[in-house]
Amino acid sequence: MSELLKITDLHVEYDTSEETVYAVNGVDLTVGRKETLGLVGETGAGKTTTALSVLRLLPHKIGRISKGSIIYDGEDLLAIKEKVFKKYRGKRISMIFQDPMTSLNPVIPIGKQVAEVIKLHNPDMTKAQIESRVDEMLEMVGIKANRKKDYPNQFSGGMKQRVVIAIALACEPELLIADEPTTALDVTVQAQVLAMMTDLKERLGTSMILITHDLGVVAETCDKVAVMYAGEIVESGTVEDIFGKGNHHPYTIGLFGSLPDLKDDKPRLSPIEGLMPDPTDLPKGCKFHPRCPHCSEKCRTEQPEVMVTNGHSLRCHLFSKEV
Amino acid sequence: MEDNILVTKGLKKYFGTPKGMLHAVDDIDLSIRRGTTLGVVGESGCGKSTLGRTILQLIKPTSGQIIFDGKDVTNLSKSEMAQFRRDAGIIFQDPYASLNPRLTAFELIEEPLIVNKTYKTKQEQQEAVFKMMEINGLPPRLINSYPHELDGGRRQRIGIARTLVLNPKFIVCDEPVSALDVSIQAQILNLLMDLQDARQLSYIFITHDLSVVKHISHEIMVMYMGVCVERAEKNELFANPIHPYTKALLAAIPVPDLSSKGKRREIIKGEVTSPINLKPGCRFAPRCPYACEKCMADENVKLRDLGNDHYVACAVI
Amino acid sequence: MSEPERIENESKTVYQMSKKRGMFKQVLKRFSRNRTAMIGLIIFALILLCIIGVGIFCNYDQAIQQNMSERLMKPCAEHIFGTDQYGRDVFIRVLFGGRTSLFTALAVIACSTTLGMIFGSIAGYGTQRTDNVVMRINDVFAAIPETLLAVCIVAALGGGMFNLGIACVCTVTPGNIRMFRSWVMPLKEQDYIEAARACGTKNFRIITRHILPNCLGPILVLATLHLALTIIAIAGLSFIGLGVQSPTPEWGAMLSEAREFMRDYPHLIMIPGAAILLSALSLNMIGDGLRDALDPKLKN
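Chains as they are written, first to last, in the numbering used here: chain H, -9 to 313; chain D, 48 to 364; chain R, 6 to 305.
Watch out, some of these pointers could steer you wrong.
Here are the simulated DSS-like pairs of lysine-lysine, each with C-alpha atoms no more than 25 Å apart in a straight line [said to hold, decoys possible]:
{"#": "1", "chain 1": "R", "residue 1": "Lys193", "chain 2": "D", "residue 2": "Lys107"}
{"#": "2", "chain 1": "D", "residue 1": "Lys107", "chain 2": "R", "residue 2": "Lys207"}
{"#": "3", "chain 1": "R", "residue 1": "Lys34", "chain 2": "H", "residue 2": "Lys51"}
{"#": "4", "chain 1": "D", "residue 1": "Lys164", "chain 2": "R", "residue 2": "Lys207"}
{"#": "5", "chain 1": "D", "residue 1": "Lys294", "chain 2": "H", "residue 2": "Lys253"}
{"#": "6", "chain 1": "H", "residue 1": "Lys139", "chain 2": "D", "residue 2": "Lys316"}
{"#": "7", "chain 1": "H", "residue 1": "Lys109", "chain 2": "H", "residue 2": "Lys191"}
{"#": "8", "chain 1": "D", "residue 1": "Lys167", "chain 2": "R", "residue 2": "Lys207"}
{"#": "9", "chain 1": "H", "residue 1": "Lys256", "chain 2": "D", "residue 2": "Lys294"}
{"#": "10", "chain 1": "H", "residue 1": "Lys138", "chain 2": "D", "residue 2": "Lys316"}
{"#": "11", "chain 1": "D", "residue 1": "Lys281", "chain 2": "H", "residue 2": "Lys256"}
{"#": "12", "chain 1": "H", "residue 1": "Lys191", "chain 2": "D", "residue 2": "Lys164"}
{"#": "13", "chain 1": "H", "residue 1": "Lys134", "chain 2": "H", "residue 2": "Lys117"}
{"#": "14", "chain 1": "H", "residue 1": "Lys109", "chain 2": "H", "residue 2": "Lys73"}
{"#": "15", "chain 1": "D", "residue 1": "Lys216", "chain 2": "D", "residue 2": "Lys164"}
{"#": "16", "chain 1": "D", "residue 1": "Lys125", "chain 2": "R", "residue 2": "Lys207"}
{"#": "17", "chain 1": "H", "residue 1": "Lys24", "chain 2": "H", "residue 2": "Lys76"}
{"#": "18", "chain 1": "D", "residue 1": "Lys216", "chain 2": "D", "residue 2": "Lys59"}
{"#": "19", "chain 1": "R", "residue 1": "Lys193", "chain 2": "D", "residue 2": "Lys125"}
{"#": "20", "chain 1": "D", "residue 1": "Lys281", "chain 2": "H", "residue 2": "Lys253"}
{"#": "21", "chain 1": "D", "residue 1": "Lys66", "chain 2": "H", "residue 2": "Lys139"}
{"#": "22", "chain 1": "D", "residue 1": "Lys169", "chain 2": "R", "residue 2": "Lys207"}
{"#": "23", "chain 1": "D", "residue 1": "Lys118", "chain 2": "R", "residue 2": "Lys207"}
{"#": "24", "chain 1": "R", "residue 1": "Lys207", "chain 2": "D", "residue 2": "Lys216"}
Calculated from the structure, these hints are not laboratory results.
Chain H on its own, in the form it takes in the complex (with noise of 0.2 Å):
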C-alpha cells in the first residue's frame, strides 16, 4: 500500500506569554491509500494538535511547528504557499470536528452551507449541477433532500454531525480527519454515523484518520491505531497488534485496565496512578516514568529509542532490552 500521508518528527509548540506548551514532541505517522488509522490517548495528549498541524490550522502566531515534516502524497506540505494550501483543504484534506452544534453556522441553511464547499473548490460548476450535488451528498448521510431548506437548529445532534460530514465528504477528499466525531452523541445514535462513516469510506476510497479516545470505536473501525502519551506515540501497529495478547507499553496496558469491562466481572479497575504530565515542564527521560509501574533507573535519564517489530512499533526501555 503507497502512502498518502508521512508525517515525520513533528514537534508543535505552543507560545504563551508566560511559557511553552510542548504539545507535539517527535510523531512519526503514516497513513496508506484507503486506511483508518486511530489515533488514540487521552486530554492533552496532542491528537488535535496533530491534526490541526496536517491542516495548517495551528491558532495563528501562537501555535507553531518548530520541527519535522509533513509529507502529503508526495509532497511537503509545510512548503506549499498559503494560497496554494487553500485549496487542499476541504478538496483534498478535510475535517470533522467533535461538536456538530458549533461547527454549523446558524442562520444559514444546511443546504447552503454543503452548496458552499462545493462552490469554493469547483468554481465551474452550474448551479443546477451544484444543487443536483448537494441533493445527492444529503441522501448519502441520510438526510431527505427536501430538508436542505431547513437550519441547523431543527436537526438533532446526531442529524448536524450527518450535515458536517457531508461537508466534509462533499468533494471527495481523499484523506478524511475525523476529531472524535461521536463524542457529543448517544450510543445509539454513535453506532448508527459510525455505521455510515465506515460504509461511506469504503465506497468513496477515502482515507482516514480517526481521533478518540473510545478503545472501543477504535477496534470497530480502525486498520491502524498509534496511541499517543504526551506528545508522543508510545505504541502503533495494526489494531491486531494493539488489541492482542504480544508486548505493550504499560500505558496501552493502563488505558485497557481503566475500562470497565461488559463481558467479565472485575471488582475493581485497575487505573493508571497519577496524572498527565504538564505540558509546559515534562519529565525527562520516558514521558510516562512518573506513573509507570515498571519504571526503572533507565527511564528516569534516558529517552526510550522507537523499537519496531514486524510493523509493531513500541517506545518503552521494557522491550529494548529484549531485542
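Following the hints, complete the assembly by docking chains D and R onto the known chain H.
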C-alpha cells in the same frame, strides 16, 4: 420489607413548554436498598437527570411520593428539610461548572460545613476538611488552589469531598465520570466504590455509559423518554435483556476487543425525541423493530414483574 | 515527624498564614501590562491626590473670598491659572470644586451600585413574580429621560449638592439594576448554584457568596465607566443651576459663571473644562483596561 433507603411511588415531573406538556419523568417507581447502587441508564433527554434532581427536591415533583429513610420528603418543614439536605447529596457531571470559580479547594469543601453549622469551633471544622481531602486523595498542598488550576480528576475529587463532608447516607451521582479521561474515570469509580464500602453509602448512579453502570451498580434501571422500560439486577439485565430498547443499547456499545470486528451490528434507526404531547402506548414504538398494534395501548406497556426481580414494560414480550 | 506529616503540617500553617491570591493577582498583572489603562490610572490618581492635598496648603476661604483688586487676571506666577471675575484663584477653586464634583460622583456610584446589586440580584435570582414586580417598577424610572428626571427631582426637593446626588442616583440606578439582573440570571443556572442549594445553602448566602463575587468583575467595570458619566452629569446639572449655590466652587457651576467672560478670558472656561475632561477620560481608560483584564476570554 427490605431495608430501603429510598422509595419513590408514581413520581412525576412535567414541565410546561410552549409546545405542550413535557413529560420529563413519568410515573417512576423505584427503590434502593441501603448500601447499594441503582444505575439509571438512558440517552440524553430521557429524563434521568431530572429524576435525580426531583428526588433531591431541587425540582418540585408534579406528583408522587418520595420516601427517604421511611419518611415522605415531598412536604418537609424547614428544619426537616435541612436534615434531608445533609443526608442526601449530589455529585455533578462537569466538575468545572459545579465548583464556584472564586473559591479555593479548601473553601469549597468547607462551605457546606459553614452553611450547616456542623462544627462549633473553627479548629474542628478545619480538621474535618483536611480529613476529607485525605480520604479523597487530595494532597493538602492544594488547599489554596482554585478549580481552574486543577485538572478534571482533582476537580471531581473536590466535588465528591464537598458532598461527602456532610456525611450523607445517600448520593445522586449525575454522570460523575462522563467528562473525564478513561484513566481518571477509573480512579474516580474506584474511589466511589471504596467510599460506598467504608460508609455504607447508597447511590443513584445516572449515566449513559453502560459499561460504567454495569461496573458500579447492583441494580439497573433503563429509562426511555421519561419512563422506566426495564429494571433488573445487573447481571440479570446484561445476560437476559428483554426490552427491545435495552437490547439496542447493549448492541450499540463499541467493545474494545476484536471479537466483534467486521460483524454487522443490529442498529436501531431514529433518535430520541422530546416527550411532549405524547400519544398513548409505548414511547419506543416508533423506533422499535417489533412494534405492533398492542403497543399503542397504555395498559399493555405498564411495568410488569417477570419474577426474579426483573421488571419490563413491553407489550410484545 | 515523618516526611509526609511534616509537609502536611507545614501546608496547614501556610493556609492559615496566606490568604487569597491567584485570581486577583492575575487581574492586577494583566491590568498593569495595559499601557492606556495605566496612564488613565496615573492621571486619575494625580487628580485625586491634588484634590485631597489642596486642603494642606490652602484654606477653603481662599476659594470663596472675593478680591476685586485682582479680578480677571491672566495666568501668571502668583495665580498659575489666573483669577476669575471676583478675583478668586482659579487653581484653588478648581481643586476645591473637584472635591464637590468627584466626591458627590463617588457617593452617587456607591449608592447606585449597592442598590443595583440588591434589586438586580433580587430580580435575577428571585421567582418570575418578584422579577416582574421589580422590573416593571424599574421600567417606570427608566422610561423618563435621565436629565428630565434629574431636573424634576431637584425641582421637587430643591437645589443643592445633596439633592443633586439623589437625582443622579435615581437616573443611574435603573440601568444598573437591569444590567446586574442580566449578569445574575445566567449564573443562577450554573451547576455550582445547584450544588450549593443541594447542601442546604440559604438564598441570601447563595447570592452573597456564590453569585455576586462571580459578577464582581463587570460590576467594577460598569461602576468605573458610570463614574465618568456621573461626573459629567453633575457638572451638566450644576451648569444649568441645579447644583451648588455660589460661591461654593464646583466644576459645572464654574463653567456656567465663566460663560460671559468666555471671549476675552478663555482660561476661565478651559480650566474647569479640562478638569472634567481629564477625570472622565482617565476613568474611561481605567474602565476599558479593567474590562480587558477581567475578561477571561482575552487571557493570553
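So, going through the hints one by one against the coordinates:
{"no.": "1", "hint": "R/Lys193 - D/Lys107", "in the structure": "holds, 17 Å"}
{"no.": "2", "hint": "D/Lys107 - R/Lys207", "in the structure": "holds, 17 Å"}
{"no.": "3", "hint": "R/Lys34 - H/Lys51", "in the structure": "holds, 22 Å"}
{"no.": "4", "hint": "D/Lys164 - R/Lys207", "in the structure": "holds, 12 Å"}
{"no.": "5", "hint": "D/Lys294 - H/Lys253", "in the structure": "holds, 15 Å"}
{"no.": "6", "hint": "H/Lys139 - D/Lys316", "in the structure": "holds, 23 Å"}
{"no.": "7", "hint": "H/Lys109 - H/Lys191", "in the structure": "holds, 22 Å"}
{"no.": "8", "hint": "D/Lys167 - R/Lys207", "in the structure": "holds, 19 Å"}
{"no.": "9", "hint": "H/Lys256 - D/Lys294", "in the structure": "holds, 23 Å"}
{"no.": "10", "hint": "H/Lys138 - D/Lys316", "in the structure": "holds, 21 Å"}
{"no.": "11", "hint": "D/Lys281 - H/Lys256", "in the structure": "holds, 14 Å"}
{"no.": "12", "hint": "H/Lys191 - D/Lys164", "in the structure": "violated, 61 Å"}
{"no.": "13", "hint": "H/Lys134 - H/Lys117", "in the structure": "holds, 20 Å"}
{"no.": "14", "hint": "H/Lys109 - H/Lys73", "in the structure": "holds, 17 Å"}
{"no.": "15", "hint": "D/Lys216 - D/Lys164", "in the structure": "holds, 18 Å"}
{"no.": "16", "hint": "D/Lys125 - R/Lys207", "in the structure": "holds, 11 Å"}
{"no.": "17", "hint": "H/Lys24 - H/Lys76", "in the structure": "holds, 23 Å"}
{"no.": "18", "hint": "D/Lys216 - D/Lys59", "in the structure": "holds, 24 Å"}
{"no.": "19", "hint": "R/Lys193 - D/Lys125", "in the structure": "holds, 22 Å"}
{"no.": "20", "hint": "D/Lys281 - H/Lys253", "in the structure": "holds, 12 Å"}
{"no.": "21", "hint": "D/Lys66 - H/Lys139", "in the structure": "holds, 23 Å"}
{"no.": "22", "hint": "D/Lys169 - R/Lys207", "in the structure": "holds, 21 Å"}
{"no.": "23", "hint": "D/Lys118 - R/Lys207", "in the structure": "holds, 23 Å"}
{"no.": "24", "hint": "R/Lys207 - D/Lys216", "in the structure": "holds, 22 Å"}
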